[in-house]
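One-letter residues, chain by chain:
Protein chains: 2
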Amino acid sequence: MPTPTTVAWGYYDAAAKPVLRVQSGDEVDVGTLITSTPSRLQGAGVDSADVQQSLRDIVDNVKDHGPGGHILTGPIYVEGADSGDVLEVRIESIDLSIPYAYNAFGPRSGFLPEDFPYSRMKIIPLDREKMVAHFAPGIDIPLHPFFGSIGDAPPAAMGRVSSAPPGIFAGNLDNKELVAGTTLYIPVWTRGALLEIGDGHAGQGNGEVDITAMETSLRGRFQLIVRKDLHAQWPRAETPTHYIAMGIDKDLVTATKNAIREAIDFLVTTKGLTRDEAYMLVSVSSDVDITELVDGNVGVHVMIPKAIFTH
Amino acid sequence: MPTPTTVAWGYYDAAAKPVLRVQSGDEVDVGTLITSTPSRLQGAGVDSADVQQSLRDIVDNVKDHGPGGHILTGPIYVEGADSGDVLEVRIESIDLSIPYAYNAFGPRSGFLPEDFPYSRMKIIPLDREKMVAHFAPGIDIPLHPFFGSIGDAPPAAMGRVSSAPPGIFAGNLDNKELVAGTTLYIPVWTRGALLEIGDGHAGQGNGEVDITAMETSLRGRFQLIVRKDLHAQWPRAETPTHYIAMGIDKDLVTATKNAIREAIDFLVTTKGLTRDEAYMLVSVSSDVDITELVDGNVGVHVMIPKAIFTH
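First to last, the protein sequences are chains A and B. Just so we're aligned: the first sequence equals residues 542 to 852 in our numbering. Just so we're aligned: the second sequence equals residues 542 to 852 in our numbering.
Worth flagging that the hints you see were computed from the coordinates, not collected in a lab. This structure is a prediction, so every number in the text was calculated from the model and none was measured. Be a bit skeptical, because a hint or two may be false.
[Claimed, not checked] Derived Cβ-Cβ restraints for the label pairs, each shown as a range:
id	chain 1	residue 1	chain 2	residue 2	range
1	A	Arg816	B	Pro559	43 to 49 Å
2	B	His852	A	Gly700	49 to 55 Å
3	A	Pro654	B	His772	26 to 32 Å
4	A	Thr546	B	Thr851	55 to 61 Å
5	A	Met542	B	Gly647	54 to 60 Å
6	B	Arg649	A	Asp636	47 to 53 Å
7	A	Pro781	B	Ser660	34 to 40 Å
8	A	Pro608	B	Arg816	41 to 47 Å
[To be verified] From the structure, some residues in chain A lie toward chain B, with a derived Cβ separation under 10 Å:
id	residue
9	Leu596
10	Phe646
11	Ser826
12	Val843
13	Phe850
[Said to hold, decoys possible] Below, computed lysine-lysine pairings styled on DSSO-like, alpha-carbon distance capped at 27 Å:
id	chain 1	residue 1	chain 2	residue 2
14	B	Lys812	A	Lys663
15	A	Lys847	B	Lys663
16	A	Lys671	B	Lys847
17	B	Lys604	B	Lys558
18	B	Lys663	A	Lys798
19	B	Lys812	B	Lys769
20	A	Lys769	A	Lys558
21	A	Lys847	B	Lys671
Even glycine gets a Cβ: it sits at the ideal position worked out from N, Cα and C.
Working from the sequences, and respecting the hints, build out all of it.
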């Protein structure tokens, strides 16, 4: 659970001190906090009593802030994991901790700052029974909670990196497909992997265009498995229905090319296709979708349907 | 049906001579031809007897080729349509005309020409009973036939434009969502609208990354309605479950911004949201997806779910 001694505020870092040690195969329950502060939430209309005490404690007592804004829970040291491995993160369940979320944008963030050169913040009530968000009168959005950020430590040479841009260590992917029942595969870059989790979203569209989703606090149960048999340069994922290849870069075209190349590599190495066949198969069967446009590095992912493989 | 006198090979053009005149509200059946030639198809393995006679007739007799490669059926003059209106194209049914499709890429086309600097063409058998494509042993792709290109004439000042890049007149959108049961709304730029239809696809992924889908010949039934009450600068669409806003530009970032601005404009003008609310609503509820990456102008579309609107 998030306390002043179990969170990393705004960074992924190979030098960070683990707050928990687990064995490969263990299940862990992880609570994560909304990416905001009590004063901002109350300023936007949240009742003082509805602000989590854990958020108050962390904001009051954590003085070691990284470059980013996310309060991440961890790092978790996974015994046996080391550079060159892959950490398989099975996302078993996700629950909503609080009955509200927020959405906000600012004058220098989001994908259309030239159109919206000012700040707005909106509190969105969440109905956890019906699993819908009451966005506005007449507009209810079905919830699909997921963690915007799940990552391990980047290579030590990268030092302490901001929690905002996703990268080879996964991190702030903001991929709406990573709901309960899905699995994220992350390249491991340092001993123990040093997993951090946070940036809970009650729901989001591909793109996350104004720079926030329905931001909220979540609890998740994860099984963590060290995969010595897998090796990867970029994160991948799997849902009950799709394989997901990912591309991440500052430039949208480069991120898109990376994602498609990752999809081709996946099809060649795991399904035995030739490179030409794999390129063709992506064209005729797989969706190239925008993950997010707003985190410094942008993301693109390719959804490869499992159902096309008949054996 | 496509014959040497009822097709426009490779262009949209306000000066093109109509091949049919219909009233607003009429239904029309339109046959369209695969974007290829008998010699290329036979070279890739299609039996001579399986090449449509209509394709042979057109290739032998049509000498007026536009800059593009698509054999489009039309133009169809819709009585009463004029510049400033919107043409509502209800796509009522789509049937597969032939039991095969092809996929192909070339050294100077597709999204990864630097990785694939050569040509390949593959014939893909279509099972029209089971509605699957036999891509390869062990890989069957569900079919979702749609027309890659549905457009009216561009403004007369643009002259004869290539059938490849989509634009304000719609055209070669290559939007996989436009299956039977959906509706495309196209700004009208000249008297009679001058609708052309073609580039049949048996299925495709978002992005159409190698520059082709499962290319085939299709028959479609369309209801064409002149909408004097609607005005638009860009095409939009609607499925049973989603509204679709579109962005089109040479640059992927600009196309993405255009698509999001179109989505915001749609939400403001038809749902009464403020611009700030619309920007937020797209972020938390609507997918920004890549339509196609390969047609000169690239496309991005925003999928706005209808279900979020409770009344």
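Hint numbers the structure violates, sorted upward?
4, 8, 9
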